[in-house]
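Please build the complete structure, drawing on both the sequences and the hints.
Protein chains: 2
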Amino acid sequence: MERTPRRSHGFKRPALQSKPKEMHEDHVRLAAIGGLEEIGRNMSFIEYKDEIVVIDAGIQFPDEATPGIDFIIPNVTYLAERKDKIKALVLTHAHFDHIGAVPYVIEKLGNPPIYTMNLTKALVEKRQEEFPKAPKLNIVTVQYGDKHKVGENVELEFFGVDHTVPETTGVVIKTPVGNIVHFADFRLEYDADGKVQDIKEFKRIGEMGVHTFMVDSTNAREEGKSQSEKVIEKNLEMLFKEAQGRIILSTFSSMITRLAEIIKIAERLGRKVAVNGRSMKENLQIAQGLGYIKARKDTLIPVEEVHKYKDDHVIILSTGAQGQENSGLMRIVTGEHRHIRIKPGDTIIFSSSVIPGNERSVQRLQDNMTRQGAIVITSGLIDIHVSGHALKDDLELVIKTLKPKFVMPVHGYYFFRFENGRNAVRAGIPPQNVRVFENNGQVAVLTKDQFIITDENLPTNYVMVDGLGVGDVGEVVLRDRLMLAQEGMFVVIATLDRKTGRVMKNPDIISRGFIYLKENHELLDEIRKRVRGIVGRIPHAQSVDSDYVKALIRDQIGQFLYNKTKRRPMVLPVIIEV
Amino acid sequence: MERTPRRSHGFKRPALQSKPKEMHEDHVRLAAIGGLEEIGRNMSFIEYKDEIVVIDAGIQFPDEATPGIDFIIPNVTYLAERKDKIKALVLTHAHFDHIGAVPYVIEKLGNPPIYTMNLTKALVEKRQEEFPKAPKLNIVTVQYGDKHKVGENVELEFFGVDHTVPETTGVVIKTPVGNIVHFADFRLEYDADGKVQDIKEFKRIGEMGVHTFMVDSTNAREEGKSQSEKVIEKNLEMLFKEAQGRIILSTFSSMITRLAEIIKIAERLGRKVAVNGRSMKENLQIAQGLGYIKARKDTLIPVEEVHKYKDDHVIILSTGAQGQENSGLMRIVTGEHRHIRIKPGDTIIFSSSVIPGNERSVQRLQDNMTRQGAIVITSGLIDIHVSGHALKDDLELVIKTLKPKFVMPVHGYYFFRFENGRNAVRAGIPPQNVRVFENNGQVAVLTKDQFIITDENLPTNYVMVDGLGVGDVGEVVLRDRLMLAQEGMFVVIATLDRKTGRVMKNPDIISRGFIYLKENHELLDEIRKRVRGIVGRIPHAQSVDSDYVKALIRDQIGQFLYNKTKRRPMVLPVIIEV
Chain S
497 MERTPRRSHG FKRPALQSKP KEMHEDHVRL AAIGGLEEIG RNMSFIEYKD
547 EIVVIDAGIQ FPDEATPGID FIIPNVTYLA ERKDKIKALV LTHAHFDHIG
597 AVPYVIEKLG NPPIYTMNLT KALVEKRQEE FPKAPKLNIV TVQYGDKHKV
647 GENVELEFFG VDHTVPETTG VVIKTPVGNI VHFADFRLEY DADGKVQDIK
697 EFKRIGEMGV HTFMVDSTNA REEGKSQSEK VIEKNLEMLF KEAQGRIILS
747 TFSSMITRLA EIIKIAERLG RKVAVNGRSM KENLQIAQGL GYIKARKDTL
797 IPVEEVHKYK DDHVIILSTG AQGQENSGLM RIVTGEHRHI RIKPGDTIIF
847 SSSVIPGNER SVQRLQDNMT RQGAIVITSG LIDIHVSGHA LKDDLELVIK
897 TLKPKFVMPV HGYYFFRFEN GRNAVRAGIP PQNVRVFENN GQVAVLTKDQ
947 FIITDENLPT NYVMVDGLGV GDVGEVVLRD RLMLAQEGMF VVIATLDRKT
997 GRVMKNPDII SRGFIYLKEN HELLDEIRKR VRGIVGRIPH AQSVDSDYVK
1047 ALIRDQIGQF LYNKTKRRPM VLPVIIEV
Chain V
497 MERTPRRSHG FKRPALQSKP KEMHEDHVRL AAIGGLEEIG RNMSFIEYKD
547 EIVVIDAGIQ FPDEATPGID FIIPNVTYLA ERKDKIKALV LTHAHFDHIG
597 AVPYVIEKLG NPPIYTMNLT KALVEKRQEE FPKAPKLNIV TVQYGDKHKV
647 GENVELEFFG VDHTVPETTG VVIKTPVGNI VHFADFRLEY DADGKVQDIK
697 EFKRIGEMGV HTFMVDSTNA REEGKSQSEK VIEKNLEMLF KEAQGRIILS
747 TFSSMITRLA EIIKIAERLG RKVAVNGRSM KENLQIAQGL GYIKARKDTL
797 IPVEEVHKYK DDHVIILSTG AQGQENSGLM RIVTGEHRHI RIKPGDTIIF
847 SSSVIPGNER SVQRLQDNMT RQGAIVITSG LIDIHVSGHA LKDDLELVIK
897 TLKPKFVMPV HGYYFFRFEN GRNAVRAGIP PQNVRVFENN GQVAVLTKDQ
947 FIITDENLPT NYVMVDGLGV GDVGEVVLRD RLMLAQEGMF VVIATLDRKT
997 GRVMKNPDII SRGFIYLKEN HELLDEIRKR VRGIVGRIPH AQSVDSDYVK
1047 ALIRDQIGQF LYNKTKRRPM VLPVIIEV
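Just so you know, the protein sequences line up as chains S and V, in that order.
Offset between the first sequence (1-based) and our numbering: plus 496.
Offset between the second sequence (1-based) and our numbering: plus 496.
Derived by calculation from the structure, the hints in this document are not laboratory data.
Ideal placement from N, C-alpha and C gives every residue a C-beta, glycine not left out.
There may be inaccurate statements among the hints.
Claimed, not checked - Examples of chain V residues lying across from chain S (beta carbon under 7 Å, computed):
1) 563
2) 566
3) 954
4) 999
5) 1061
Below, the structure written as structure tokens:
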């Protein structure tokens, strides 16, 4: 494809304005604690006098820099210290990067009223059950169009946006300095004439006057506009029709809109649907209970009854599209599933994108499926996964419609948010009114006519959840994990006579992840000799300064190992005095 | 985009044929030792009586499953045992996944004559210099069209294919059972009329008769055909024209064709070119020496003189597009580079795709560049990185032109190769003549009319290079590294009196990557108590069976830690008897 030039538009990195030291004028404080340097752990808030409204409480998934942890939650230090002021926690939609941290932070926030819609409520409450010690939630169910005065000065008004999960709600936060509009995660759905379905509502919000528009930047770099879910539906139906045997389709269990579509298609084609995977089953049940998924009585069948139907009368919906170990899909492929095996003629559809870091395991999964005779279809091949986030043209359109005074790109890395700043300029916002925050935790001060990013920074360092521990895995532990993964470790134990300072026995050595010791006797002998030498050279008379001896061993054995192997395992000396 | 259906064509997973136990008929043995389950460590060979021809000796880069290692090389056990038979090692082109293992395996292969072209020769020899102990290479320089009889029965004929590095050569291996054609890595370059530039040559090869076509599967799943490098060149030129300040462009240093283009464009636009990064400098020098890169005398300037020119008169070419630490680009961004800093107005172009696993570091790099005021352009946004591998339409066209009896997809995961099998069927090859190997190491037996994949499997387990060690990091060490990265480790040292079996002192504990010990005194005390208890319960009279005690500690302390934390660090008990 040749490139159409998209001329530069003069949007530069905005200069930081100086902080008004004491702000006497009426003002709102605004900050995002998470979500500005990652995709995940979304949480932002506004503060006006004694009233705080928090938006979302999401988790971030670990990556190669945070091995072994379960996930990262927002650092709520600042809010916890002001929990009495928190009037509302708004949950915009039922995805984990927006609600996943609720059980971990809700108590610290003082268990404030949660404003959210029915489906999100149901999913949040379901999850809360897994935390017996967490408090009972205090949820106010809202609907599109609802207005809630949550404090003396702050009112919330909810409105509908389109996303991959039903009941995603945007929110207008009405404050004395103006309306702050948060669009949640959103995409646009265009009707047959190319008109945006919610555009009237967006116009109405724009007409109320928008001080600041907090806007999703996930796809801010992508050209074009949202593709209709109808196209996906059509493509899926075509694939389903082509499949001559069973269909196994894997997607995120949180993509409830997609699940609803698939069930509709299945019914049109006379296929039964079996659901494999606990989270998907639960979500489906909840969504069904609320009427978001409509299925005829006999459409859904238990996984254990799949074999009772002809292959071309069955669709299996499964979790595990990311190649996770022990997921439903993985168990099917490895033959560990109690009821389902891959068989030649199966069509397996991955209706989701691969999360970075999972490429290898997804590849292995797909290789094995193909080896077992299945036809594997991925979203790379045809459009069967559409993103839930607005693209460049969508973003421009919405910004033009809302006509906000200020635009604050949220939800994405700096690079993404900066690009969204460019989108805003393209949509007619003066460059000096685009607010690209440098990082999480920066505090802005908003008056009627101003939006000043100050030099105040709230704590935002990672709070990591690992097993039962919340926040106990810190920088040091992570750095050690990364180091251990790269080069392994090498423990040297020298047992000394407390009185003489002499080495009492041959030093013990344990090593893991470095070299296979059983095959390296010579190296070990040499190291033992050196350790004895290091200790032996210390004058006898003086009592042993074990930190000093340890440092000697760490340096000299570390250097020796490096010279021999060009690797730097973590050397851990232990001095036992008896 | 709506989908055009691509009907199924009946290609199923081929059934394995049974092995002819003793093959008396005239036959060739054919196997790929690497490259069939990964992108990388390419190496295959044919064996006819006492003559072996090996093709390529590449490395594979580590991923999340192989932390800390430098790279993986092919397992040459089988070939090393038959080194006297090896008549030739053909190196198809100068990319590391095809030549990177030469210094490590050449001696084991008996230092056979290497057949390759000038540029590859120069780069291989340059690299060999880094291995002072490696033998002098014995290289026969070939040109397109050359024929070399390398044994009694085997002749090689070389022909040109297009790739992202010049002098990529395909090879016809002429054997008594027929011609085996290996196309190296290739793409097609179409001229203005849409004709493939090398098509005549391909026809000629087809007319000689092709028994087996070994064909690149890297892009076998991608619809469409190769995009012309001319389009990339045009897009790059447009970007360069738009840039108002300096241009910093980063790509793989091995993409020599791209480097040549950039220098041409720079000259047209009156910009000087500075090269940042050792590998790129070396490659450029070599390619210049051989005439593949032509630059006017004053075009290339040293990095330290960049500041002498106006910003819009400079292009900096840099390595480090993958966000590698200590790379040229990283040093520029972190401010550690001696001569270059990012400044507002810089345009930074990433002209390469991101290798899976590097997403986070590339993201961080791009975020920081943007923060420093640069405009960052990535290949995701416009076509500035074109793949060096043929797409579906290209593959079909080449297969149709060659009309081989058998097609053997190589270079790619099973899923990719299987898809390439489908391409072959679409190109008119009968499904029963497509040979999708299950895995590396499978041996096929070829007679004039047959191509039988046998149940013989050669050793292909990973040979890992880590520092100075080649092959000493094995499964166990890797598994330990992965485990240490996930949960850390916990060493418990109990010092016992040899005579009484009693614990002599409070047990010592070292832990890394698990929890921060300084903040967990209570837990430690509890563990020490338990260790004393475990040892204390052992009857005094008997001498200590330290393996038994260790097992007890490992299990009980492991379980205790899990109950307390829901984490499973590697528990390593040490018993010191004095």
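Here is what the structure says about each hint:
A cut of 7 Å between beta carbons decides the hint on residue 563(V): the least distance to chain S is about 4 Å, and the hint holds. For residue 566(V), the suggested interface contact is broken, since its CB lies about 9 Å from the closest CB of chain S, more than 7 Å. For the restraint placing residue 954(V) at the interface with chain S, the shortest Cβ-Cβ distance is roughly 19 Å, beyond the 7 Å limit, so the hint is violated. For residue 999(V), the shortest C-beta to C-beta distance to chain S is roughly 11 Å, which exceeds 7 Å, and the interface hint is violated.
Of the supplied interface hints, the one on residue 1061(V) holds, with its beta-carbon coming within about 5 Å of a beta-carbon of chain S, less than 7 Å.
When each numbered hint is compared with the structure, violations occur for hints 2, 3, 4.
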